[in-house]
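Heads up: the protein sequence lines correspond to chains A and B, in order. Convert by adding 14 to the 1-based position in the first sequence; the result is the number in the numbering used here. Convert by adding 56 to the 1-based position in the second sequence; the result is the number in the numbering used here.
None of these hints come from the bench; they were simulated from the model. Treat each hint with caution, since some may be false.
As the list claims (entries may be wrong) - Short derived list, chain B residues pointing at chain A, Cβ under 10 Å:
| # | residue |
| --- | --- |
| 1 | E65 |
| 2 | L68 |
| 3 | P69 |
| 4 | S105 |
| 5 | R109 |
| 6 | V125 |
| 7 | R129 |
| 8 | G154 |
| 9 | G159 |
| 10 | G166 |
| 11 | A168 |
| 12 | L171 |
| 13 | E174 |
All residues carry an ideal CB built from backbone N, CA and C; glycine is no exception.
Residues per chain are reported as follows:
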Amino acid sequence: MPEHETAAEHTTPASDVGKFLHRRREQIAQRWADEPLFRTVFTVSRDEAVEAGRVVVDALAQVAESGRVADTDAAGFTAVREQLTRMVASRARFGLTSGQVSTEVDGLRPPAVNLLVGDLHEATPEHLRECTTLLTVLMGTLRLVVLETSLSEGQALIDRQHLELLEAATPVIRLWDGIVAVPLIGTLDSARSQVVMETLLESVVDQQARFAILDITGVPMVDSLVAQHLMKTVAAVRLMGAECVVSGIRPAIAQTIVHLGLDLGTVVTRASLADALGYALNRLGADIVLATPGGAGPR
Amino acid sequence: MSGTVAGVEARLPIRSDLDLVWVRQHVRQAAAALGFGLVDQTKLVTAASELARNTLVYGGGGEMAAEHVCDGRAQGLRLTFRDQGPGIADPERALSDGYTSGGGLGLGLGGARRLVHEFSLDSTPGVGTTVAVTSWAARPPRQREEPR
Ligand SMILES: Nc1ncnc2c1ncn2[C@@H]1O[C@H](COP(=O)(O)OP(=O)(O)O)[C@@H](O)[C@H]1O
Ligand SMILES: [Mg+2]
């Protein structure tokens, strides 16, 4: 390459690696398509794997030309972040840890470096060393970018699990025809109370409930915010045409509520879940037949 | 006077909703360690929850310091909530039941004052707010005369 000789003083290893990536785009993408990372994610067709590889090569070329090969925030990576996130998510679903995915990304380095070495067989040993080092650094940065996306995937997973936990912690139980109950456990922070309210209202509609019982036996503390959430829930249940009963206010909490100055005046309360059920059944006009010893129970 | 009951003295940051969980947890455990009964524990935890939330929501964050205080044989827990927020221009009004500037029930400050034995509010507009509360454990039953 005579052009290379004359322009030698103006080229940097970074711009040389950038040019190499443009020139060898197709070959690199073809080789990557056979590596585990691309092969296992794009299983439908090899063309898809090659296309995905091309996008990554383009991004790397752009980063190399910008000279910021060690910078995970380099603009060139922006275009591939989303694709990398999807690839990472796919590998994670397969059961791989972020460490294993990172190793797969590292597997993309040898094919690229080998091609580069082949292309530079006429270059000085010094230039060859600089270029391979630079490509190695660049591939290491890609590895970091992938690691970052897999960590944020992990965070998203934790957030999702947190939400699922919130929902799991508020099971709505159908106690009787037209009577649903939620046993609340733990502190009703804003997120929890929102979920409680939504879940309860949904089941009031689904079950065509006339009574909804909020049992707070498992709630360790009722401050003014928790009380406000409870009262909003009671009001919303009323708007749905049902009546809300709060049960299980423990003695320590009852005394605290009084000192706090809370007025639960319009809220129907009962000491226990059983009392609340009794109250609701009574209002529904159901006959409660006490079970005789050895008898068959109600009805 | 400072005591030596383990797990009472602490400084806890109040920067997020999760920090409120730790504040409540700590106050509950410290009060139990000092011999507070269930009702007194619950009262103090509830007061702490109100004050810590004010520190977070109105004070823009801050911290709570917990201290063990003794007065003769009585064991007490002092909680101090500090922030460098906007301060409270009219403490009388802020303490009155039902007053809120933020869509709450307006019962936090007044309610907290009723839930503890000692209450002090010190606020300078533009500088910040400090609320300190102290409650005393009822005498543990085993403090009867001991045979000598
Ligand atoms: N740490 C604080 N910094 C600034 N303003 C406060 C602080 N604590 C309370 N306030 C003011 O006092 C008012 C009453 O507080 P509070 O009784 O807890 O009721 P709520 O929290 O429901 O508003 C608040 O609305 C707020 O304007
Ligand atoms: Mg408040």
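Consistency of the hints with the structure:
1. E65: Violated: closest Cβ of chain A sits about 22 Å from E65 of chain B, beyond 10 Å.
2. L68: violated, 16 Å
3. P69: violated, 17 Å
4. S105: holds, 4 Å
5. R109: holds, 7 Å
6. V125: Result: violated, 21 Å to nearest chain A Cβ.
7. R129: violated, 24 Å
8. G154: holds, 9 Å
9. G159: holds, 9 Å
10. G166: Since the shortest Cβ distance to chain A is 6 Å, the answer is holds.
11. A168: holds, 8 Å
12. L171: The hint holds - L171 of chain B has a Cβ within 10 Å of chain A, the shortest such distance being about 5 Å.
13. E174: violated, 15 Å
Figure legend: structure checked against the earlier numbered hints; hints not met, in rising order: 1, 2, 3, 6, 7 and 13.
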